[in-house]
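J.: Listed below are the residues making up each chain.
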Amino acid sequence: MSPLSLNRHTERELVALCLQGDRMSCKELFELYSGRMMALCYRFARDANEAQDMLQEGFIRIFNKLDLYSGEGSLEAWMRRVMINTALKYRQKHIDKHKYSEIDNVPLYATTPTIIDELSKEEILKLIQELPDGYRMVFNLYVIEGYSHKEIADQLGIGESTSRSQLVKARSLLKDKLLNLIKLAG
Amino acid sequence: MKNFDEKIRDKLFGAEMPVASGVWDSIEKNLDRKDKRPVIWIMMLMLLTGLPALYFSVYHEAGRHVDHSRIMSDMNQNTSDAFNSKNMSASLSAPEQTAKLALIESKSSKAVKSLSRKDKQALGFQIVSAASNRSSLFYDTEESLADDFSRSSLSQLSVLDDDINRIPGEYVYSFPDREDALFGTKTECPRFREQWPLLYSFTDVSISHPSQSLRTQNSESSELVGIRSQSESSLPSFGVRTGFGYDFYNGLFVQAGIAYNQINIKFLHRQEDIINNKTSIVIDTLFNSEGEILSITRDTSVVQEIGIKETRGTNTFRMIDIPVEIGYHYPLSNKFSLRASVGIALNVRTVSSGYMLDANAESFRYDAGDSAYFKTRTGLSYLANLAVETQVSSNIYLNAGIRWRHYGTEFNASENPVDQSFTSLGLSAGIRYRL
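Protein sequences, first through last, are from chains A and B. The working numbering applies: residue 126 is where the first sequence begins, and numbers increase by one. The working numbering applies: residue 252 is where the second sequence begins, and numbers increase by one.
In isolation and in its complexed conformation, chain A is listed as follows (with noise of 0.2 Å):
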């Protein structure tokens, strides 16, 4: 269900009004999903700063790309790739130049870690946040979003197979980062 309950009639409105340039129902589009579209781009992003600009040149990308919205299926669906694209953008735009560095040395070693319900929200963002470039946009894209690896590997101009190590990689180094949160915690 969409923020606030809102029903899809309601939606459409919203949508056709800001078609029509109508500012405040910009604003209040804005400000139903903005919490969850921040907390989106929290994840593909550095830090809260770049999250933000993330958020802002999303939602300008929304409302300037609103007209291509069919009114088939969620609106907040259709939002959320319009922002996955936008982060994945701007994340190409501002390549780590050691991105992969520090990753070859992790130990790809399975676990089975069971402390995901131990931890906050915020605590699991982090953790994610802290991730390496590469490895970031895939977990996002294949474990929160439901990408497949196909559409992972269209979407970042790689291969299927770098898409499925990378995923391999990412889940291991953050597997191994929540275990030292819990040792960490005592």
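Don't read these hints as lab results, they were simulated from the structure. Check each hint, because a few of them may be wrong.
Think about it this way: if two alpha-carbon atoms lie no more than 25 Å apart in a straight line, the pair counts; the simulated BS3-like pairs of lysine-lysine are [unchecked claim]: (1) K300/A with K529/B; (2) K302/A with K258/B; (3) K246/A with K262/B.
Go by the hints and put chain B onto chain A.
T.: Same frame as chain A, but now just chain B:
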């Protein structure tokens, strides 16, 4: 793995985070700015194409709707001048002068009719040799039509025009300089030609081979320049432009317009990459001497298979420019002439998309909106043309030649440490239309 993924997803998918208060204000400002962009573009296009078109259309229309009173006045003046000229006056006898005056003043056409054929010809009347001769205004076989000469409004001229199927052998008075304007057989206006006699419009297309130059001032990126030079090679490119120009009598000409150019670069990059992952599970079971299991340890490891990843595509640079040129027109023979020109092109918009290498020499795709890699600001490029031209009709010229252009170091940006410039050399073909 499923369990781990699902737990993460359940925790994060619907999560919300607080948003800073100033974000909406920034978005709103940006939306306002975007709204104004089309208006600016429309205004620029209107300035570039609208004004010359408007100017031309005004005079074009003037040619269709002749200012009758003005032309009538000119015509009277013209006829009087001819009559009063020294040669004409000297060759006419007193009765002839009286007859012509009578004709000009249109008090009576009888004086004209009373003249002999020779005298009529001496006065400037011409004999109609064919019914299709449309250059005549007045003829003496119809008294009423001769009387039309006296009327101040040339509305009657349409009657004359309709009644132009005259009988061969009749006398007419010719105004060759004004005939087209009077009868509207051409759409041009005398005033327009007088003011801008050598104004022309032009359109041409070109195909070229661009050579790309990559440079960097950052020593750390010099290796990247070498790798990129190997990955990027030129493909045939093209351009089209249109505009207006003016030929001066001393051979110089100036022209300006709007141009679209597209440069194509082939991108081909091969790099080592993970092409497959093999997962191996090793289970170690430790038994004691009695065959009982002491411990079981399981290790899962992923072995990466390294292969060659190939990325290929076409990088395009689409540019809209305003070229301004000055040149010299040199006649080679009666049929051909040489037109040489140099100029600058103001780049108003460049959109680029394709593939490039990042600082780690890894390929990635960039889109038209990624201004962090290629700037879209205004810039200058330099151009030179040399063409041979031939005239195919009274106001149409065809030309073909070579075109050189240097785009400067325009295509760099904050996230792209490599300066990228192009120099293209190609063939051009075009048409000029004298307005």
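J.: Next step is simple, just say for each hint if it's right about the structure.
T.: Outcome of the hint check:
For the hint pairing K300/A with K529/B, the CA-to-CA distance comes to about 20 Å; that is within 25 Å, so the pair holds. For the hint linking K302/A to K258/B, the alpha-carbon distance of about 16 Å falls within 25 Å, and the restraint holds. In summary, the hint linking K246/A to K262/B is supported, as the alpha carbons are separated by about 6 Å, within the 25 Å threshold.
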